[in-house]
Amino acid sequence: MMQPSRQRRVWPWVAGLIIVLLALFAAYTWVVLNWSYSSGERAGYVQKFSKKGWLCKTWEGELAMVNMPGTLSEKFYFTVPDGAVAAKINKSLGKRVSLTYDQHIGVPSTCFADTEYFVKDVRVVE
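Using the UniProt record's numbering, you'd call the opening residue of the sequence shown number 1 and step up by one each time.
Derived SDA-like pairs: lysine to any residue, alpha-carbon spacing no greater than 20 Å straight-line:
id, residue 1, residue 2
1, K91, V125
2, K48, L72
3, K75, I105
4, K88, V124
5, K48, G94
6, K120, M65
7, K57, A84
8, K51, S109
9, K88, A43
10, K48, P81
11, K52, V85
12, K75, S98
13, K52, K91
14, K88, E41
15, K91, S50
16, K51, D82
17, K120, V97
18, K120, V32
19, K120, V31
20, K120, R96
21, K120, N34
22, K48, D121
23, K48, A64
24, K51, G94
What the hints contain is simulated information worked out from the structure, not anything from laboratory work. Note that this is a predicted model, so its numbers are computed, not measured.
All chains, please: the whole structure from these sequences, using the hints.
As structure tokens, then:
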């Protein structure tokens, strides 16, 4: 059993370690969410788009990309962090669109996004 004076000396170290670990996690999260691994565009039809989550509500969607008529579509799953972009996607449902995205690898929690593809702009393709 530890003596009371020894316990008093251990607690500052434990508290300091916890603070350092939380700061490292916060720094990692900031870097992952603000630095993109890649960026690009995908075109197709948004066939599913909803705001979901228990505590952290995020806009999640599914884009059906059709390469040639009569072929099976490939699905592109994406997250929309910006409400204004989500509103633009909702207005363009049923139309062919082009989504501009950034890829963020290593997002630490589904509270931030279900996918690593963050859509930052949408435009209707005529």
